[in-house]
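Undergrad: What follows is each chain in one-letter form.
2 protein chains.
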Amino acid sequence: MPSTTMLPLLAAMLRLTGTDSHSTPVLEYGEHPAIEVAPGPAGQGVAAAAGMALAEQVLSRRFGRSLVNHRTWVLAQDTDLATGVAMEAAQLAGRFGLDRLAMLVAPPAEDRGSEFADSLARFSASGWTVRKVAADDLPAITSALAATLRARKPTLIACLPPSSTPSSLAVHLPPEEELTGPWSPTARRGASTRRSWLRRFARHRQRDAFERELMRHRPALFQEDWHRAWLWRMRSALDNSTQESGLTGLHALSDILPELVCLTASSAYSMSATGEEQTGWRAPPALASGLDCGIQEHGMAGVLNGLSLHGGVLPCCAASMMTVDRMRSALRMAALMRQKMLYLLTGDGLALGDGGGGWQPVEQLASLRATPNLAVFRPGSPSETFKCWEAALDWQGGPAVLVLCPQNHNSAVPLPPPSYGSAARGGYVVQQQENRLVTLIASGPEVAIAVEASHHLARRDIRATVVSIPCWELFAMQPQTYRQKVLGGKGLRVGIEAASGFGWERWLGPEGVFVGMDDFGTSAPANALYERFGITAEAICKKVEHHLFVSGAARAAPHQPRAHARGP
Amino acid sequence: MPSTTMLPLLAAMLRLTGTDSHSTPVLEYGEHPAIEVAPGPAGQGVAAAAGMALAEQVLSRRFGRSLVNHRTWVLAQDTDLATGVAMEAAQLAGRFGLDRLAMLVAPPAEDRGSEFADSLARFSASGWTVRKVAADDLPAITSALAATLRARKPTLIACLPPSSTPSSLAVHLPPEEELTGPWSPTARRGASTRRSWLRRFARHRQRDAFERELMRHRPALFQEDWHRAWLWRMRSALDNSTQESGLTGLHALSDILPELVCLTASSAYSMSATGEEQTGWRAPPALASGLDCGIQEHGMAGVLNGLSLHGGVLPCCAASMMTVDRMRSALRMAALMRQKMLYLLTGDGLALGDGGGGWQPVEQLASLRATPNLAVFRPGSPSETFKCWEAALDWQGGPAVLVLCPQNHNSAVPLPPPSYGSAARGGYVVQQQENRLVTLIASGPEVAIAVEASHHLARRDIRATVVSIPCWELFAMQPQTYRQKVLGGKGLRVGIEAASGFGWERWLGPEGVFVGMDDFGTSAPANALYERFGITAEAICKKVEHHLFVSGAARAAPHQPRAHARGP
Numbered sequence: 001m002p003s004t005t006m007l008p009l010l011a012a013m014l015r016l017t018g019t020d021s022h023s024t025p026v027l028e029y030g031e032h033p034a035i036e037v038a039p040g041p042a043g044q045g046v047a048a049a050a051g052m053a054l055a056e057q058v059l060s061r062r063f064g065r066s067l068v069n070h071r072t073w074v075l076a077q078d079t080d081l082a083t084g085v086a087m088e089a090a091q092l093a094g095r096f097g098l099d100r101l102a103m104l105v106a107p108p109a110e111d112r113g114s115e116f117a118d119s120l121a122r123f124s125a126s127g128w129t130v131r132k133v134a135a136d137d138l139p140a141i142t143s144a145l146a147a148t149l150r151a152r153k154p155t156l157i158a159c160l161p162p163s164s165t166p167s168s169l170a171v172h173l174p175p176e177e178e179l180t181g182p183w184s185p186t187a188r189r190g191a192s193t194r195r196s197w198l199r200r201f202a203r204h205r206q207r208d209a210f211e212r213e214l215m216r217h218r219p220a221l222f223q224e225d226w227h228r229a230w231l232w233r234m235r236s237a238l239d240n241s242t243q244e245s246g247l248t249g250l251h252a253l254s255d256i257l258p259e260l261v262c263l264t265a266s267s268a269y270s271m272s273a274t275g276e277e278q279t280g281w282r283a284p285p286a287l288a289s290g291l292d293c294g295i296q297e298h299g300m301a302g303v304l305n306g307l308s309l310h311g312g313v314l315p316c317c318a319a320s321m322m323t324v325d326r327m328r329s330a331l332r333m334a335a336l337m338r339q340k341m342l343y344l345l346t347g348d349g350l351a352l353g354d355g356g357g358g359w360q361p362v363e364q365l366a367s368l369r370a371t372p373n374l375a376v377f378r379p380g381s382p383s384e385t386f387k388c389w390e391a392a393l394d395w396q397g398g399p400a401v402l403v404l405c406p407q408n409h410n411s412a413v414p415l416p417p418p419s420y421g422s423a424a425r426g427g428y429v430v431q432q433q434e435n436r437l438v439t440l441i442a443s444g445p446e447v448a449i450a451v452e453a454s455h456h457l458a459r460r461d462i463r464a465t466v467v468s469i470p471c472w473e474l475f476a477m478q479p480q481t482y483r484q485k486v487l488g489g490k491g492l493r494v495g496i497e498a499a500s501g502f503g504w505e506r507w508l509g510p511e512g513v514f515v516g517m518d519d520f521g522t523s524a525p526a527n528a529l530y531e532r533f534g535i536t537a538e539a540i541c542k543k544v545e546h547h548l549f550v551s552g553a554a555r556a557a558p559h560q561p562r563a564h565a566r567g568p
Numbered sequence: 001m002p003s004t005t006m007l008p009l010l011a012a013m014l015r016l017t018g019t020d021s022h023s024t025p026v027l028e029y030g031e032h033p034a035i036e037v038a039p040g041p042a043g044q045g046v047a048a049a050a051g052m053a054l055a056e057q058v059l060s061r062r063f064g065r066s067l068v069n070h071r072t073w074v075l076a077q078d079t080d081l082a083t084g085v086a087m088e089a090a091q092l093a094g095r096f097g098l099d100r101l102a103m104l105v106a107p108p109a110e111d112r113g114s115e116f117a118d119s120l121a122r123f124s125a126s127g128w129t130v131r132k133v134a135a136d137d138l139p140a141i142t143s144a145l146a147a148t149l150r151a152r153k154p155t156l157i158a159c160l161p162p163s164s165t166p167s168s169l170a171v172h173l174p175p176e177e178e179l180t181g182p183w184s185p186t187a188r189r190g191a192s193t194r195r196s197w198l199r200r201f202a203r204h205r206q207r208d209a210f211e212r213e214l215m216r217h218r219p220a221l222f223q224e225d226w227h228r229a230w231l232w233r234m235r236s237a238l239d240n241s242t243q244e245s246g247l248t249g250l251h252a253l254s255d256i257l258p259e260l261v262c263l264t265a266s267s268a269y270s271m272s273a274t275g276e277e278q279t280g281w282r283a284p285p286a287l288a289s290g291l292d293c294g295i296q297e298h299g300m301a302g303v304l305n306g307l308s309l310h311g312g313v314l315p316c317c318a319a320s321m322m323t324v325d326r327m328r329s330a331l332r333m334a335a336l337m338r339q340k341m342l343y344l345l346t347g348d349g350l351a352l353g354d355g356g357g358g359w360q361p362v363e364q365l366a367s368l369r370a371t372p373n374l375a376v377f378r379p380g381s382p383s384e385t386f387k388c389w390e391a392a393l394d395w396q397g398g399p400a401v402l403v404l405c406p407q408n409h410n411s412a413v414p415l416p417p418p419s420y421g422s423a424a425r426g427g428y429v430v431q432q433q434e435n436r437l438v439t440l441i442a443s444g445p446e447v448a449i450a451v452e453a454s455h456h457l458a459r460r461d462i463r464a465t466v467v468s469i470p471c472w473e474l475f476a477m478q479p480q481t482y483r484q485k486v487l488g489g490k491g492l493r494v495g496i497e498a499a500s501g502f503g504w505e506r507w508l509g510p511e512g513v514f515v516g517m518d519d520f521g522t523s524a525p526a527n528a529l530y531e532r533f534g535i536t537a538e539a540i541c542k543k544v545e546h547h548l549f550v551s552g553a554a555r556a557a558p559h560q561p562r563a564h565a566r567g568p
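Protein chains in written order, with full-length UniProt numbering: chain F, 1 to 568; chain C, 1 to 568.
If you are wondering where the hints come from, they were derived from the structure by calculation, not from laboratory data.
From a predicted model like this one, the values you see are computed outputs, not experimental measurements.
Among the clues, some could well be false.
If several chains are the same, the list does not tell them apart, and a pair holds so long as it fits within one copy or across any two.
Using 30 Å as the maximum straight-line C-alpha spacing, the simulated DSS-like pairs for lysine-lysine come out as follows [stated by the list, open to error]:
#, residue 1, residue 2
1, K340, K153
2, K132, K542
3, K340, K542
4, K153, K543
5, K132, K153
One chain only, chain F, in its complex shape:
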């Protein structure tokens, strides 16, 4: 994560190692091989560096030190250290024992009070070794750098201002040949190190797997294995909520994809209704390697970026849907850099009703959908979850987010098989009605409510088609004719989602109706909350009847006495 002030140093390093000529690199990720992370909010670089060091740790354990054996060096600014994300990442680096991570940092030109010393103390209190050297004391610097090679913790080296003024250095600057000269052996040593690595690699028994993972290719027969693993794991699923099947998908994936690295925040766990047992997250046995990120979701998301940028792993994390607000800066960087990673967001919907409105997502879905390069999946049934898992793994443009709900609405009304299209195309018809008068469009657990509402409407002789849109991004990419066939040409369109209706006009048109949350949630059991916001089959049914009556379209439907229409 280069900042403008670091550019001259970066240019000098590139020149000295013979990587680049005189040109100064542009500060844009992807424009220059030396720019490994896009510039972004302060502190994200510290977290990304921790992720790179973690990737090295994970890969060296799998492939051995003969293949994976390198260090992560960071040149940070003092402001980076003071941010919340850096302090969270520092705690994670300390917890994971990332002893191959070393960070050099200089105090600010004008330090107010003891803020820099405080930053050092906070890193020291987060499981780091902190060393101080004078920036012009070459032996001290050398010995500090040498000490990092033996370190058992991540290291922070504070480069304090030299006793002499920096201007004197500039005056005595020798001609360029004298400066670049001593670097030639370094460059030659690097080349030789690389040659011997290539020789070792050519003979390595895990060469194919290593190469495949680094190229981000899938194993042979992935589709078949993944399907088989899914079916096997689904046999022991506890219920048919999307959260349970989403986590089952993770378990199945960890069975067959050794490059999967999963970080978990404690918020991924959710308390059950009885408040006694933890439900939700269960670490897959193959992944129970202690990558627990506790309450540090922002640091975790930043580390995830570093994992992906390092390569050789498929990064994944699990946290609660609400914590996406805290992770946003990091998640946005991933989308900006088009890094492939998976976010499993549990506890969506109004499930955590009793904890108060602060725990109920409202605008989070809209804000994720508004982010470029990001795919948001909100499946409504176990079979949709499987399709969404597949589509998320196929999504190449950036991060894929699976929004999972612990509620179990569809136990009452199991979703019928698709009538037209497929969840893999982002949106499809769950239940078709000829000459539809109404199209009920929902996502996630609200699809089951829409199906139930359509049955109510059928009893009133109102023909309603039910559409599920688990992924807006994929659905928007479908041809116009497909979208038109799914959404229906005319008639009333009703959007149903337990979230903010912002953005839903895209599918509903100017005359459409949205049933969802126009305010924050509140404390109540989930079912009561669904009723409070009118997200029930009965309330939807009434709303549809009202709109059809007002618009006069109801007249098109054959009338029957109401008492009769309510059914047997």
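Use these hints to put chain C onto chain F, whose structure you have.
TA: Then chain C, alone, in the frame of chain F:
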């Protein structure tokens, strides 16, 4: 910020002080006088407490200790301390010297390694006094609490597990009368303290001002004074960008509203194009009281909530638009609790182009607009900025966000006076054309581009009306007839905003066209970026012509040879 585990303690305290009977309070803000903050993400409570202590500090300086003289006590959980927002808030509390803030915290039941001790060390390194007491050592607790009364720093008291097992305490629990008995003098002392405060208050010479601010009433003649102060301050405005006039509004407000408290993040400053001088933020002289929050935006936003919840101040903060991602958890809490506060977000648009895509807002506007109770203002000219400032001050439902752009587009084409409606209604007609064929709808600096595009279109005999929507929330609250008159009944609608188009379908309808950013930004000067994303008068003009041609509506317009239509 009560958590479920603290509920029994809270209920006991209420019972002992005679405030409440046996009922356990509901975990919902606004439902019970003892619930001062809504439950929410870990760490937000620490920041809110710092804000309450800051409000006390600010008010006691203004009104003296005879009126304002209290302390902020926090019972925190160990996990709160480890979050980024708590660590940022802790730094701010240390920096501001909030010596009347004291926090009690117990280690977790199962501490892994030394995480709790590390948390204490980090607070100690953030300008806090940290004391450790055994939870059953009453003299030690008393002396630690007494020490906080003399403290010159915020205090953290770690309540370590008692040597005896807690179950033995439960066994020896005396009957309730023996427990509540010793508390009666405390309750009586509180009542007596309150009576003498009321006597002092009745005679206090600043009584009226204090009462007015606590009731959140405006000073008499506020409208007149504010208008006069605005005009006076605008005389020394450096340019006519909305950022400059937005900050001018803040200066004018600080002249006439003594309860204004403004926190500033260093990101509110932006580098000028030459990279040599800082532009953007200039602290109003009356507010230059050192409430500088540096890089700790998330902590700042959390502190802002505490300021507002305490009351007696009008909290305001300034930071860059991009950092809203970091502040979101706290900003959301403010919206949830409907707290009135002002966010000035500088550096919007593509102004910071050279810093890379990571600094260019794309989805931020959409995600703010999707949040309930929040009003987002994005003015396009100095006069719109004034109207938006007024509307933001009038907004009662929650926080108001002013999105300000340092670019100076409208210097070329000054906006004409409104043709119909007013910016105070959220949206209005900037430039009316009879029998409009096209409606160009824009916000912020893009309004000037839309006006320029309408001139280009006029030369091609395409009648285009220009509409500005600086505030979606206000515009959506207007009567249907007003909105219809502003947006126009039929014809092509074009939305123009240098941001994600997510949600724009609300105003454009299914046939509308959006001109904006469908991807993240990149490194380039701002003007080049506007061209790259096609947000220029010429590109909009071409797009409109193309759409009219495709839809066949162009035939309705009188045809002229194209070469001629291109103008003189």
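Undergrad: Does each hint hold? Answer for all of them.
TA: Evaluated hints:
1. K340 - K153: Intra 29 Å, inter 46 Å, cutoff 30 Å: intra-copy only.
2. K132 - K542: neither (71 Å within a copy, 61 Å between copies)
3. K340 - K542: Answer is neither; intra-copy 43 Å and inter-copy 36 Å both fail.
4. K153 - K543: Answer is neither: 61 Å inside a copy and 58 Å across each miss the 30 Å cutoff.
5. K132 - K153: both (16 Å within a copy, 27 Å between copies)
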